[in-house]
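With chain A fixed as given, assemble chain B onto it according to the hints.
Residue numbers (our numbering), protein chains in the order written: chain A, 466 to 704; chain B, 4 to 446.
Hints in this document: simulated from the structure, not taken from any laboratory. Hints should not be assumed to be uniformly reliable.
As the list claims (entries may be wrong) - Part of the chain A face toward chain B, derived, beta carbon under 10 Å:
#  : residue
1  : Arg-487
2  : Asn-490
3  : Ser-491
4  : His-494
5  : Ala-518
6  : Gly-554
7  : Asn-558
8  : Ala-576
9  : Thr-577
10 : Arg-579
11 : Met-615
12 : Tyr-694
13 : Asn-695
14 : Phe-696
15 : Asn-697
Beta carbons: idealized from backbone N, C-alpha and C, even for Gly.
Here is what each chain is made of, one letter per residue.
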Amino acid sequence: MKSNVLEQTATQTFDLSARGLRELNSSLHALSGATNMTAWEVVNPKGAHAIAAGVDAPVDISVMGSTGYYCAGMNKQATIRVKGSAGPGVAENMMSGTVIVDGDASQYAGATGRGGLLVIKGNASSRCGISMKGVEIVVHGNIGHMSAFMAQSGSLVVCGDAGDALGDSLYEAKLFVRGSVKSLGADCIEKEMRPEHLEHLADLLRRGECDPTIKPEEFRRYGSARKLYNFNIDNASAY
Amino acid sequence: MTSEFPHTPPRKSYTFSDAVNADIRRAAATGIYDIRGGGTKRFLPHFDDLLFLGASISRYPLEGYREKCATDVWLGTRHAKKPIHLDIPVTIAGMSFGALSGPAKEALGRGASAAGTSTTTGDGGMTEEERGHSKTLVYQYLPSRYGMNPDDLRRADAIEVVVGQGAKPGGGGMLLGQKISDRVAMMRNLPKGIDQRSACRHPDWTGPDDLEIKILELREITDWEKPIYVKIGGARPYYDTALAVKAGADVVVLDGMQGGTAATQDVFIEHVGQPILACIPQAVKALQDLGMHRKVQLIVSGGIRSGADVAKAMALGADAVAIGTAALIALGDNDPALEAEYQKLGTTAGAYDDWHEGKDPAGITTQDPELYSRFDPVLGGRRLTNYLKVMTLEAQTIARACGKNHLHNLEPEDLCALTIEAAAMAGVPIAGTSWIPGRNGSF
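Okay, chain A solo, but in the shape it has when bound (with noise of 0.2 Å):
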């Protein structure tokens, strides 16, 4: 009886290369909230795109090694740790859960991402936060250009630098860079560090693993201007 349980709740391992991306997801997508078989292990990811992508249970999820486009797009509840570095669009549209990266992120990292929480632990390249809307996002490393394009709500905390045209044409969405930057996009400005932002921001690099050493203090918070939000013909040279 005891050895059955052990079984069940004992980690998943599943081979990518042997069974196949289809059945990995449709055996992820499978779990409910009220699954025993929690703790899942992918081997042999080879860079395959859309690994556990579209899982809605609260399991975690270990891939051991480099991942393709969009691994995790789309994760809901689950915590999917990559092992390695992640392509194009890792945790795109993310609802919630926890995604994290232990190496790089390519372009489009947590793009869209309305919840949750994404966690890079080298750099991430261009475009990182894109069109975010409700995401947080923390990032060790540096970030690349044009990163929180557009982005509506969530944060972005970079441990780094960030790349040129940060935060261009963004909305509510609030950015914390400890680094530099190499410039600010449209209607991205410097703002205020007030109490409330160093607390959300503590906490933010603590859920986000970070060096303990480092200190909210030490970032720059980065947002909107809000001139564009409404058209005006004397802002034209801004797009």
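Only chain B this time, still in chain A's reference frame:
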């Protein structure tokens, strides 16, 4: 003192016409380009320039009231586990909640479902009004991703990846502050009252190779159940269709420049894109060259108004059509009964296109509760059903006259053209000749 010679009579410039001069004065006074809804208003070669030949001795017609002419269509048979089966090949094009009121979306769902066809969401996410009242609902996947979530993806019947639309191929969306109500703002995750700009490119893919991977992801998320459409504007239909097929589309939706929009620049609507008549043969040729005609279905839109237009589009090789502007007119948009109210807005019934201002007296393109509560979604739905059924009967009438027992059996050989332009675009001969301009060089 008067001259002994008569004066030259006043003569206005064709180049600088009254309308052109009015545009210049408006630009000078306001400092902003003209923004409006709807599709192009210019004269274009269109389905009116084509005629059916009908049957006589060399072709047998079918009895109008006795012999069956089927109208159903399957969509998404290439890859989807659950392809869509519609009773009629006239679908409702994507129009957003935000651009349209909730009751208008409900009416589209009611009308389409009763007529046995599908409706489509738009750039604002899926509402309960349209999901609840649409038997078959196509969920648009747009660059803005407003309201996008996996639950709505899974409760949709098909997914339409929108790359472009006919009114503004290469352009993004626009919803001005007047229409960003509390509910619209919440669905789009935006501050109320701002001018909302939708991106023209998707945020997480670029080009056909990426699109192929994006489609794979959408299929994986929905367990390969849903047909995946790819919607393109009438820009380069041969290559765009071929690339959509290469990327894995089950269905290509092709929207010509007559297709409407909720709001964009007038200069964009009138000067970018190609008429649907020019687009269809190009898309069909791409499908034929790939051996995918009828395997990947083609839905065409942009200026479809009647059963004759449906029949002509299908004779050119489309599997189905979509209507947007015509559906709104069926619901009551631009109705002369509201002329007094249109006059108050400085326009006239039939010309009202300031949908972005949210003051629509018909209660269709507005988020103002006082205005949209005028609109009865049950009555509107009934009117749309009637219209869809009339279009279908009209198309059947023509198909039977051409001897066809299914609308899909109509073919270019059933058509002739009235103008050289239409003949060249449609690839059918000018009436009374065997000459197709651009083919074989002779007649």
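Okay, the hints, checked on the actual structure:
1. The beta carbon of A:Arg-487 is positioned within 10 Å of a beta carbon in chain B (closest approach about 7 Å), and the interface hint is therefore held.
2. Annotation: interface hint on A:Asn-490 holds; nearest CB of chain B at approximately 5 Å, less than 10 Å.
3. The interface hint given for A:Ser-491 is met, as the beta carbon of that residue sits about 6 Å from the closest beta carbon of chain B, less than 10 Å.
4. For A:His-494, the suggested interface contact is upheld, since its CB lies about 6 Å from the closest CB of chain B, less than 10 Å.
5. For A:Ala-518, the shortest C-beta to C-beta distance to chain B is roughly 5 Å, which falls under 10 Å, so the interface hint holds.
6. For A:Gly-554, the interface hint holds, the least distance from its beta-carbon to any beta-carbon of chain B being 4 Å, beneath 10 Å.
7. Of the supplied interface hints, the one on A:Asn-558 holds, with its beta-carbon coming within about 6 Å of a beta-carbon of chain B, less than 10 Å.
8. The interface hint given for A:Ala-576 is met, as the beta carbon of that residue sits about 4 Å from the closest beta carbon of chain B, less than 10 Å.
9. At a threshold of 10 Å, the smallest CB-CB gap from A:Thr-577 to chain B is about 4 Å, leaving the interface hint in force.
10. Here the hint on A:Arg-579 is kept, as its CB sits about 7 Å from the closest CB of chain B, short of 10 Å.
11. Interface hint status for A:Met-615: upheld, as the beta-carbon distance to the closest one in chain B is roughly 6 Å, under 10 Å.
12. The beta carbon of A:Tyr-694 is positioned within 10 Å of a beta carbon in chain B (closest approach about 4 Å), and the interface hint is therefore held.
13. Using the Cβ-Cβ criterion of 10 Å, the hint placing A:Asn-695 at the interface with chain B is satisfied: the shortest such distance is roughly 5 Å.
14. For the restraint placing A:Phe-696 at the interface with chain B, the shortest Cβ-Cβ distance is roughly 5 Å, inside the 10 Å limit, so the hint holds.
15. At about 9 Å, the closest approach between the beta carbon of A:Asn-697 and any beta carbon in chain B falls short of 10 Å, and the interface hint on this residue holds.
When held up to the earlier numbered hints, the structure conflicts with none and fits them all.
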